[in-house]
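Asks: Please arrange chain B on chain A, whose structure you already have, making use of the hints.
Below, each chain spelled out in residue letters.
Protein chains: 2
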Amino acid sequence: MVTYEDVAAAHERIKPQARRTPFMTSRQVDELTGAKVFFKCENLQRMGAFKFRGAFNALSQLSAEEKRRGVLAFSSGNHAQAIALAGNLLGITTVIVMPANAPRVKLEATRGYGGEVVLYEQSENREEVYTKLANERSLILIPPFDHPHIIAGQGTAAKELIEDAGPLDALLVPCGGAGLLSGCAIAARHLSPDCRVVGVEPAAGDDATRSFKEKKLVKIEVPDTIADGARTTSLGKITFPLVLRYVNDMLTVKDDELLRAMFWLWERMKLVVEPTGALAACAVLERRIDVKGLKVGVNLSGGNVDLRWAASQIGKRER
Amino acid sequence: MVTYEDVAAAHERIKPQARRTPFMTSRQVDELTGAKVFFKCENLQRMGAFKFRGAFNALSQLSAEEKRRGVLAFSSGNHAQAIALAGNLLGITTVIVMPANAPRVKLEATRGYGGEVVLYEQSENREEVYTKLANERSLILIPPFDHPHIIAGQGTAAKELIEDAGPLDALLVPCGGAGLLSGCAIAARHLSPDCRVVGVEPAAGDDATRSFKEKKLVKIEVPDTIADGARTTSLGKITFPLVLRYVNDMLTVKDDELLRAMFWLWERMKLVVEPTGALAACAVLERRIDVKGLKVGVNLSGGNVDLRWAASQIGKRER
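Residue numbers (my numbering), protein chains in the order written: chain A, 4 to 322; chain B, 4 to 322.
Next comes chain A alone, as it looks inside the complex (with noise of 0.2 Å):
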């Protein structure tokens, strides 16, 4: 299991190179939901995102001779930057699998933090690609969540807001295979010990929603949402338990809800947001959650966001 000492000690290790983000906090939506809200900016941590921490606490923890090897991980979106950048600032050597189709932007953003880029084909079979990559090269895999370091690394970002703004009530969390979510959550329960804790995920990817209500754990296929970051599949087998035992409940958001709120947080708060970043102020936003008379913590989990794709979705906003 991962405890609050293990987030505590995280904090120590990244903090000379994680931004220790700002939170803000909007008279709107103060006034629209009678709450006192927090944002926790994690849009503005370096690279973008909150995976920075896990991968960076993750990597820091590598023995001298892993450290030589260098490091293997999996992905398209924010851990594959994590994991390059964390690498990066530490000398070890990254190389991330990524699909032959990924955006341009986010290959290049890749390579631009240092990482090592393998494109497969959709015809191949990604786990056998980088199993084989990691014998060939004797890589470690750094998974994207389902991790100790990982969870312990997420798990400062509610440290962080709850040492600024004192304790919470609530405290929302964007949820994709949890290891944000299940972090915070053993940080909250530690710092601030009546703070209910809940996850929110996309509708069309309700697995972990279903795993915690059902407590056993459920699989789909991946989920068609514009939450890039929560196409997850399942929770983990590290992240489940800790979702069962630390988080007081889960709920969902719809995709036309999410990009309402997205761009909600552009125009009104001027932060650039992620579709998965705005899953948890959605679910304040749109008032699927009573938050009246409560100090709430939201954590914006990201900002990375292709410009060109937000363009083209801002018919679709509005009501």
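Do not rely on the hints blindly, as some may be mistaken.
One copy or two, it doesn't matter: identical chains are merged, so the pair holds either way.
Said to hold, decoys possible - List time: in silico SDA-like cross-link candidates among lysine to any residue, alpha-carbon distance up to 20 Å: (1) Lys135 / Tyr123; (2) Lys319 / Asp309; (3) Lys39 / Arg22; (4) Lys39 / Pro19; (5) Lys257 / Pro146; (6) Lys70 / Gly94; (7) Lys240 / Ile223; (8) Lys18 / Glu270; (9) Lys219 / Glu139; (10) Lys319 / Val108; (11) Lys18 / Ser29; (12) Lys18 / Arg30; (13) Lys18 / Thr28; (14) Lys319 / Arg107; (15) Lys39 / Gln20.
For the record, the hints were derived by calculation from the structure and aren't laboratory data.
These figures come from a predicted structure and were not determined experimentally.
Replies: The following block gives chain B in isolation, referenced to the frame of chain A:
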């Protein structure tokens, strides 16, 4: 004239209501420029722009009798919303004269902040409309920039930045009518005497640059630029001598450069900034000024941009 003492007094007046906006830094910008750049995020100010500072400072200083009479402003932009919000907070009636063809979103925002909007048709003379209104209803006219209380209020943005980030070698500020520029220059001269203050305006509306270089007030036609906050035709009677006295240099940037800089701020810094708000950042990002080895302040003056318009421009930003 306006002095640093006026800026300091304005700061005390606006502190309870204005946001002390954060500054942000970017490793990417620092690597690109060789400088240490501090972005003052006035896009995160109340109503989305620095204008709230001057408006609240000016309205606070009206006499009890003037407050009873109410305030008149003409603006289709941020000044309108700033006056409406400041009036609302201070219990002062505000009447905003706006063109009938102003964007619906701006009319609604101004009304939303509590302003009474009076529309005029293109066939009418704006000056006649507001002069008649001011006389009939005994309203106090608050101009958008050429007013000592407005200038002193805007200067608080530079005061905060230098207090928070320390003395600067250079400070770049967007320039329309130079209310922000002259106020910031007064503050910088006092708090960071060696700081070079540079105004940045759109090339299509280079009246301030020409006025500065020719040392006489140049008037131009309403400029055709995407920087709608800098579509001024000349500096003011008060701001022009302040610019001559306190500003060290003026620069211009072209609209295509400005668009690129604006989206760069969205994409890389995750900050929604409007075209006018990106003027100073543009000068740095496009290397129009050599800041190598310097500690540089950059004012991101506002973030009120129509997302549909921005979406329509996204294809134009490529080199």
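Asks: Each hint should be assessed against the structure and marked as holding or not.
Replies: Here is how each hint holds up against the structure:
1. Lys135 / Tyr123: Within one copy, since 12 Å is at most 20 Å while 71 Å is not.
2. Lys319 / Asp309: Classified as both: same-chain Cα gap 16 Å, cross-chain 15 Å, threshold 20 Å.
3. Lys39 / Arg22: between (24 Å within a copy, 16 Å between copies)
4. Lys39 / Pro19: So lysine 39 and proline 19 pass the 20 Å test across copies only (18 Å; inside, 31 Å).
5. Lys257 / Pro146: neither (27 Å within a copy, 46 Å between copies)
6. Lys70 / Gly94: within (8 Å within a copy, 64 Å between copies)
7. Lys240 / Ile223: within (15 Å within a copy, 68 Å between copies)
8. Lys18 / Glu270: Result: close neither inside a copy nor across copies, 31 Å intra and 24 Å inter.
9. Lys219 / Glu139: neither (36 Å within a copy, 73 Å between copies)
10. Lys319 / Val108: between (24 Å within a copy, 17 Å between copies)
11. Lys18 / Ser29: between (27 Å within a copy, 17 Å between copies)
12. Lys18 / Arg30: between (30 Å within a copy, 16 Å between copies)
13. Lys18 / Thr28: between (24 Å within a copy, 16 Å between copies)
14. Lys319 / Arg107: between (25 Å within a copy, 19 Å between copies)
15. Lys39 / Gln20: between (30 Å within a copy, 17 Å between copies)
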